[in-house]
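Since the structure of chain A is provided, determine the placement of chains B and C on it from the hints.
Protein chains in written order, with my numbering: chain A, 1 to 473; chain B, 1 to 473; chain C, 1 to 473.
Careful, some of the hints might be misleading.
Identical copies look the same in the list; a pair holds intra-copy or inter-copy alike.
[Unchecked claim] Here are the simulated DSBU-like pairs of lysine-lysine, each with C-alpha atoms no more than 35 Å apart in a straight line:
id : residue 1 : residue 2
1  : Lys131    : Lys166
2  : Lys56     : Lys166
3  : Lys245    : Lys56
4  : Lys131    : Lys56
Hints were generated in silico from the structure; no laboratory data involved.
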Amino acid sequence: FACGLGAVAPAGAEEVPSLLSGDNLPRETKEASLEALIDRIEQLEATQDELLADRKSLEEQLAHRVATGHDGATMELSGRIHADLWTFPGDSPGVNGFESGDPTVSPQDEIGIRRARLTFQGDVADNMLYKLDLEIVGSNHPEFRDAYLGWRDLPLLQTLHVGNQKRPYGLDHINSSRYNVFMERPMVVEAFNPGNRRLGIQSYGVSDDQVWNWRYGAFNQGLIQDEYAYVSDNWQPQLAGRLAKTAWWHEPTNGRGYAHLALAGSWADTDQNAPVDNYAGSGRNEARFATRPEARSSASWIDTGVIADAEHYTLLASEGVLNFGALQLVAEQQNLFIERARGESLYLHGAYAYLSYFLTGEYIPWDRETGQIGRAIPNESFFAVERRCDVERGWGAWQVACRWSYADLADQDIQGGDAEAITLSLNWYWNAYAKLQTEYTWGQIEANDLNAAPAGPNAGDYQILGTRFVIDF
Amino acid sequence: FACGLGAVAPAGAEEVPSLLSGDNLPRETKEASLEALIDRIEQLEATQDELLADRKSLEEQLAHRVATGHDGATMELSGRIHADLWTFPGDSPGVNGFESGDPTVSPQDEIGIRRARLTFQGDVADNMLYKLDLEIVGSNHPEFRDAYLGWRDLPLLQTLHVGNQKRPYGLDHINSSRYNVFMERPMVVEAFNPGNRRLGIQSYGVSDDQVWNWRYGAFNQGLIQDEYAYVSDNWQPQLAGRLAKTAWWHEPTNGRGYAHLALAGSWADTDQNAPVDNYAGSGRNEARFATRPEARSSASWIDTGVIADAEHYTLLASEGVLNFGALQLVAEQQNLFIERARGESLYLHGAYAYLSYFLTGEYIPWDRETGQIGRAIPNESFFAVERRCDVERGWGAWQVACRWSYADLADQDIQGGDAEAITLSLNWYWNAYAKLQTEYTWGQIEANDLNAAPAGPNAGDYQILGTRFVIDF
Amino acid sequence: FACGLGAVAPAGAEEVPSLLSGDNLPRETKEASLEALIDRIEQLEATQDELLADRKSLEEQLAHRVATGHDGATMELSGRIHADLWTFPGDSPGVNGFESGDPTVSPQDEIGIRRARLTFQGDVADNMLYKLDLEIVGSNHPEFRDAYLGWRDLPLLQTLHVGNQKRPYGLDHINSSRYNVFMERPMVVEAFNPGNRRLGIQSYGVSDDQVWNWRYGAFNQGLIQDEYAYVSDNWQPQLAGRLAKTAWWHEPTNGRGYAHLALAGSWADTDQNAPVDNYAGSGRNEARFATRPEARSSASWIDTGVIADAEHYTLLASEGVLNFGALQLVAEQQNLFIERARGESLYLHGAYAYLSYFLTGEYIPWDRETGQIGRAIPNESFFAVERRCDVERGWGAWQVACRWSYADLADQDIQGGDAEAITLSLNWYWNAYAKLQTEYTWGQIEANDLNAAPAGPNAGDYQILGTRFVIDF
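Same shape as in the complex, but just chain A (with noise of 0.2 Å):
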């Protein structure tokens, strides 16, 4: 085959031929004669033995495709494998002690499997559901993350969880890692709602005209992902709810202009005495607050530790997206107050803001069902494939992004550290469903008294670099 010679015929489904094209001429003329109804008949009879050929061969491929358990459930099985490397260029022995316990040894690189999750998920009978999330890389053995049962359709709860699911704060939170633009959440995100899912029973709802959307419940504040269950007759339940709105939504564009407000918050009873007589190791009190430097470090920086005398605490979050095609600007604010046993109420509080923009021109969706970001599809795909006689480009999509971040864990007794920081982003979306994420975070962490080496100091700064291969399937 030479190349650049002969056109190549387009590979499609053969077109049935219509046999009698001459719309304007009278019915009888055109169709009277036998030989043309013979014609026609053929033409059935060829196209119908394709059919019936065709028939075996998707019954054949069927009999080998993954069925369900039973004829009452559908099942969609899908992944994720991020893989990363992260450095920590500069030294501060303040940062050094906070990761490390030794101000003389610094942060160390970091190559691994960031996530290799599976989710099997879907219905069952008339009008239940499932999900079960497998992460394969979990503390230091596979987990699950979403675990539960519901129901949808429902008066008045509309859809409703029961089971291990994410809390409803947090709009970072609520995104999927597959669809953030940042590799890590932010650092108030994560020390408000660590490990982010409980179990519990939590109903989301939307109104009709898509404007309004809300999810509230009742979770055991225990995170049982790794130990499979809360073991403790001092039972730490807490309240928490989300109510958002599309505030707009450019109808013209089907979405790529859109604004969101959202307020959500929390109540949550900690118990002091959850670790006593805890013989199964099981329960602690569940006021503590913590989070790694928006990075895969080993230790989490800023940590309170356990409020060991909190009797409970109270979460207040505001959110807002606003989004001019590729253009995003996310801000999200938080206040924790913790009521004590003994010492003064504490006042926690963290904040982000981000901006992102697609040099490419895509555009990062909206759920207004849920409230959330949704898949950005690349108006190219990027590809570099030798096809007969040339090699086919196209240059995937390309976002920059800038997040300012900080959360401040300390307060009166627990300084459990200030920290901010800066993080610009480069991400190279390959296609819908795979992208390379790149990050360069500058931060300072102060008043971290808890965490600081024996002897070291309570306040350092720190620089991250970032790479994150993500495909979704």
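Just chains B and C now, kept in the frame of chain A:
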């Protein structure tokens, strides 16, 4: 769209019109015109175009359905999620000690995921099969459960499995946890068959008339689902089998009435030297019988400990089921005779019986091929779905049940506890695949010197409340 | 139904009758009557009704087939189960010490599950791919194996994988455990490539005529399938590659005869400081080479330990395969040169060769794109199935093989053992996807000071019997 106005067209496949329906006219008269033939041909052509379009759609859907590893394999991917809540009202120093080791510390409540299981099974080539369970909630990390390969349709042996599989005793252990009436299995069934599955080879058979079914095989007694291998020169082999008869089967109702009887037994060679020289930490004398109190306590409340000088033991068990429509009566009794190198032989035993009744008229099906209960199907699913102008409601199926159970693990010097319990159960089946189970148990334990807290009483009583959300897919 | 009486109608798709079969009649004569046309139309209508009914059935089946996460992804879900039995007849104080640390305690038998693996792989969007293995039987909990994303059809790089993947040396390591002739891999292949997979980036190529294939890439040397990440500022990078030639390919038999030659090598920078300052417990000098005795012992019987002052090492390997129908001859030789900061450089080496033969005439296929063996397909599957009046039998495929193998891990002060072994193997293939492997190994080890029991001998010999049940799906 105004509620109550306009008939809703039935959603279904369009009917293919039969153009010529005057069946009693002579053929020549009714079909002799070309017009009529042309109409029929046009109809055929139109429908064929539709079929061709559908074929394309089916092919596209097939392309993103999950395929098995090769054309010789089929696969069914199923799973289950069980989410539990357990509380232990009441307080007894003896029972406190069995659980916590401290007579003053009572059993703690538990909230957690009881099972999050994925099952991969299917056929390979002509007559082989495989099954692999992944239980994400293992002991303290994910583990396998069933893990075997096998053959179907063999002469004499019929179905043969090689690998990790259920041992052939204990009807309640043979039953799937998806179908069992009570949340946890009876004490004697758990105590005499701890962990249920073992590595071995087992034949499964059924008579042509489905009156008799049986299973028998040889196993190693080491539980390997957590350690993956048994490492010891001191093998601990076991022969076990079960012969069952479906003594009555009500054909007119296709099995709403039936009676089942079975005998099961095992001869097991335990090795006193298993822990000796065992650098791999794998072996132990497998003569240890223990069970939780039919609930998710942290400890086994009755427990013989390893009976160090046990040389072998014999198990004899009998079971019966009688089902009249919505009413089911089940009973099992098991005896264990342990021969010891030094002490006299021990006799441990236990039994349970339960009565269950569907208030809504359903019944528990019986599987005559394998001698176990099947999936109960509610007459009406539970739902409360907002349709156009109304809320459609169904109430599912409701079942009550009562179980009496005992296990006597105390004989001579082995005072491992003698427990008796009554459980009341209320099950709400939302559909054939999901339900809510609730239970109340009252029990008492005596002769439990081996598990008593230091200087604590060897007897006590307890109450337990349990709730479970169940779905399988 | 009486045996032997009556012909059994062939079960298959019904033939669509060709109504007009008198092919040599002129068209006018045979088709001119309306009667004949009406018959044909009626036949078309009947078959079309059937197709419409089938379409509905196919759609219903599709609805409970498992779908991928999005329309851009395909998935193949495959798996394997390997169940093992190992015994160690004979007794040698030296070998006892290598295994148990006590010259009087011999290697213990092992019964267990060797592999229970699930593999999720497929394509994403235009030219990307992914693969994720879950090995339920990991080291002491489930782990990943392959975990990568990649591209196909790139210019120059052809196929490119990023993530955890096999390193490009050791034919026997590149081969799948589903296809390998022997139960465990040769000592030198295990010793010089412990754990096989590393996080890295690797290109896979093949020439247009399929004569040449190659793979090369860069890796970090830390094994992360158990810890998920390598945490250290002291990177231990490695370059490695393999160039292979299918030197002979017998076209007339489509590859029942072939010859393969390959050279492979690596340059690896090991870091003496990796364990220093490593608060995360992650780093170690990766210059450690060790292997089990081609069987599932608990310990590596020959083992250099961490060669603490190693600075870098070079691997050079050559391999060849010669296949004449049922007969296969394979040989590999590998050399390792380790440069040290203080001591002289070390030279470790090893090799193996095996001859395998299908008594039943089958052959081991060769994959010319990747340079590895493929799936052997028995001429006749094993089965013994009761049909109506008879037992149908097939005997599967039978293969014998003999392997000679050695690994010399003893040089200068590093007396990590010099081992040599002969293995005889008998494999019974039940079909292309399942088999029974049995092996007998005799071996001897000397110069093994580093692994000898305290005051025990540094040499000894051993015998091993192994059996494995294998299925893949």
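Structure-based check of each hint:
no.	hint	result
1	Lys131 with Lys166	both (12 Å within a copy, 27 Å between copies)
2	Lys56 with Lys166	neither (45 Å within a copy, 39 Å between copies)
3	Lys245 with Lys56	neither (51 Å within a copy, 40 Å between copies)
4	Lys131 with Lys56	both (34 Å within a copy, 28 Å between copies)
Against the hints set out earlier in the document, violations occur for numbers 2 and 3.
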